[in-house]
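The listed protein sequences derive, respectively, from chains G and Z. The working numbering numbers the first residue of the first sequence as 1 and each following residue consecutively. The working numbering numbers the first residue of the second sequence as 1 and each following residue consecutively.
I should point out that these hints are in silico values taken from the structure, not numbers from a laboratory. Just to be clear, a hint being listed does not mean it is correct.
If chains are identical, the list can't say which one is meant, so a pair holds when it fits in one copy or spans any two.
Unchecked claim - Computed cross-link-like contacts, DSSO-like style, restricted to lysine-lysine with a CA-CA straight-line distance of at most 30 Å:
1. Lys-216 - Lys-57
2. Lys-198 - Lys-180
3. Lys-178 - Lys-198
4. Lys-185 - Lys-20
5. Lys-9 - Lys-191
Note that the coordinates shown come from a computational prediction; the quantities given were computed from them, not determined experimentally.
Number of protein chains: 2
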Amino acid sequence: MRKVVVEKKILVANEEFANKNREFLARLKIPCLNVISSPGSGKTTILAKTIEALKGKIKIGVIEGDIQTDIDAQRIRATGAPAYQINTEGACHLSAAQVNYAFDKLPCETLDLVFIENVGNLVCPSAMDLGETAKIAVLSVPEGDDKPAKYPAIFSRAAAVLINKIDLLTLADFDIEKAKADILKLNKNVKIFLVSAKTGDGMQQWNTWLTELSNKTKVT
Amino acid sequence: MRKVVVEKKILVANEEFANKNREFLARLKIPCLNVISSPGSGKTTILAKTIEALKGKIKIGVIEGDIQTDIDAQRIRATGAPAYQINTEGACHLSAAQVNYAFDKLPCETLDLVFIENVGNLVCPSAMDLGETAKIAVLSVPEGDDKPAKYPAIFSRAAAVLINKIDLLTLADFDIEKAKADILKLNKNVKIFLVSAKTGDGMQQWNTWLTELSNKTKVT
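Chain G with its partners taken away, still in its complex shape (with noise of 0.2 Å):
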């Protein structure tokens, strides 16, 4: 009983400042995605590849998250894109409090979108609001085409999932028929990319996306 009462404390403090992030974005207008996946699917990659792409058109702020080490941060600032580095020392995801902390570091009045890269982890993030628009799942080839049924959580909740590493189907054993059908199993009206962040393959339609969705939030 009293395990239950205390989870409920906490969450009710992560959902504060949940709303005081959603408020934020919606007075400057700008999107903010929250990516999730397994650790070493692609996600640093895919985030520095997207902003060179759309370099000139939309400027990209991101939030790191990592249990320890910046390397992930120095990749994004590398690119020329502003990257704020959390390390969580142990914790399994960001928390809406530590997003809160990490916008003030950001120049955000200048951006056009926020990427939050959490922290690798295909369970606990997926149940956590950060305030943030939408949370985009990354599924790799190498992991298998059985993950969207055995992690359901994320796949259920995402507005878009980027299958990566197309590059590598010719060599695992992966059935992009049978992945997608089970994400849509889950979750009927969210968009799939199949994408290469190394090759650039599929990576164009993902950065349209993401200017339609930056656009449509400045009018909204």
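Let chain G serve as the given structure and place chain Z on it in line with the hints.
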């Protein structure tokens, strides 16, 4: 304050079951290995190939932990080995109580070795004592060589690390020496195996290590 008290209670309850599991394994004189990794690193394939390679030498049983589905238990049973599937229904790691329950469902008296395949998650399972003999980490090449530095907890605690999917080394930017150095910096006594469960490369050394562990546990 209340949060700390409650978390302590939960951990004490887990420790009681972990101790029961340790006593059970000591009575049977069999090792139990808790295999931890990101989703899609190849845990199930490693276990299936290990079972096949050691057939007639070491009798292996498997406790499968997944959020949803019994896909992995089915894959293990296809090798002829007994497997018990636990569905955590959203929880991000197995608990000692779940493992205790699963020991009852497997023919442990007839086994030489039990594997626990934990939920695919490089973060949360590493802090949880299941009463296992040792933790085993799996890192797959497509995940990237920066993972030991970014997710140090499991690499610090593992008795052995399998770097899997080395058949993809030429296609991924993965520096084996860097990964090994980062792992050894965290854990100087760890045993590192370079393997491809798919091609069989390097699996013999791992199988020999398991056989020695099983034999050693029998006479202690």
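Quick rundown of the hints versus the structure:
1. Lys-216 - Lys-57: within (14 Å within a copy, 64 Å between copies)
2. Lys-198 - Lys-180: both (21 Å within a copy, 25 Å between copies)
3. Lys-178 - Lys-198: both (23 Å within a copy, 21 Å between copies)
4. Lys-185 - Lys-20: neither (33 Å within a copy, 41 Å between copies)
5. Lys-9 - Lys-191: Classified as neither; 34 Å inside a copy, 43 Å across copies.
The structure is inconsistent with the numbered hints 4, 5, although it conforms to all the rest.
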